[in-house]
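Trainee: Okay, here's what each chain looks like letter by letter:
2 protein chains.
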Amino acid sequence: MTEVLKLDNIRKTLIRLEETLIFGMIERAQFLSNDVIYKKGAIPIENYNKSFMEHLLEGTEKIHSQVGRYTAPDEHPFSSELSKPIIDREYEWPIKRNSININDRILNLYINNIIPLICKKGDDGNYGSSSVCDVNILQALSKRIHYGKFVAESKYLSDVEGWNKLILEKNKDKIIEKLTDAQVEDKILTRVEIKASAYGQDPLSDIKEYKIDPATILRIYKEHIIPLTKETEYLYLLERI
Amino acid sequence: MTEVLKLDNIRKTLIRLEETLIFGMIERAQFLSNDVIYKKGAIPIENYNKSFMEHLLEGTEKIHSQVGRYTAPDEHPFSSELSKPIIDREYEWPIKRNSININDRILNLYINNIIPLICKKGDDGNYGSSSVCDVNILQALSKRIHYGKFVAESKYLSDVEGWNKLILEKNKDKIIEKLTDAQVEDKILTRVEIKASAYGQDPLSDIKEYKIDPATILRIYKEHIIPLTKETEYLYLLERI
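Top line first, the protein sequences correspond to chains A and B.
Position 18, counted from 1, in the first sequence is what the numbering used here calls 19; the numbers after and before it change by one each time, with no gaps.
Position 70, counted from 1, in the second sequence is what the numbering used here calls 71; the numbers after and before it change by one each time, with no gaps.
If we strip away everything but chain A, and leave its shape as in the complex, we get (with noise of 0.2 Å):
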């Protein structure tokens, strides 16, 4: 097995991606919800029928496509339209090559979801920077979703015999429970909280006040990015044989 693919190195990437996304968050939180950046041709763009943040979105990685970034094996696009990139750089791809980009997905969650429980309603006006914020947050959550690719691989390498019977069956359930390790979950919870506490508050001040509640990130983790990363796991594992 490849150093990449140690769970414990495994691990260590997802830890770095909590940071991310909980400093992502608490950025984003200072602004209101301001749907009217979310709603396809509500701010009217020429030539372009989707939402105002899918607009930023997409160029951001059209030009992010450029300095190579979705060249790299943890790296998925929302968008289609990408450029070529101008530096040759070739990764190792430590997983088998696939085709699974749940981005839809995520871009749904993003906007129905979790929006909605780390924004206040309402519209202040600062579109742009809310749409800044968004796109730094979905490419986090992309590539922590995403990396359940890495996370099945090893699992799958720890175990060819074994996976190999049940992805066979297609038995979704049984895969998922074999997925499970409940005790890491536990651990993955109880370190956002601890970080989402730390991060989310002004280290400074006597009054314990968040920019988002602790618990309120906990949740989203718990209900909806550690589903979701073993939902890759699964359908990477699909592929897998």
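Please keep in mind that the hints were generated in silico from the structure rather than gathered at the bench.
Certain hints may be false.
Since copy identity is lost for identical chains, a pair holds within one copy or between any two.
Claimed, not checked - Keeping only pairs whose Cα atoms sit at most 20 Å apart, straight-line, the calculated SDA-like set for lysine to any residue is:
#1 K51 x P86
#2 K188 x P228
#3 K156 x K179
#4 K223 x I213
#5 K171 x L108
For clarity, every value in this text was computed on a predicted model and none was experimentally measured.
Got chain A; can you put chain B on it based on the hints?
Mentor: Structure of chain B alone, referenced to chain A:
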């Protein structure tokens, strides 16, 4: 005086930017310095003769200019080739319209002084990821430093006559002296160090291991960010009269 110019409100914005800057620098510190991304032409890009990182910076600014970023009084682009905004947003201008933009100096400072302080020297091939962090930090640095215009306007309004006299004399030393509030600066530095300590380490680890030494972040504030903010205040006052 409008709300936004009250020193208390200006300070709130500056405090928020501390978090963005500290979070951003911690993110960048996970990669090596990757000096090649800052060297003009070192990574060949078609029809472009600046550095790889600047290419990403300019591309990002072009996209952000479309969402109206640079029509705001507290935003300043690094590049000159921007796009027309797709939304019309009328910003209040609580400060005098002016031509001050010291991003050239900020870019030099960042590449030559800040990167060597926060990153281990070396090349890990993470050019895209490093550049993405760079763009985030540069945007936050530029906003923080140019916010000096708001500080200067606020101070100017509190003693128009006194300031006019000094400005007409173009007495830089005396202007900087009058702009300096040693007590406030000490407070900023103390706060920055505490935040850098709180955010820069894993709250779950027993070992105090910082992603960036808090003393380094303090030094960046003391030697670079605060002096350049005062320089912006000075330049603004020269145009203010």
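Trainee: Broken hints, numbered, in rising order?
Mentor: 5
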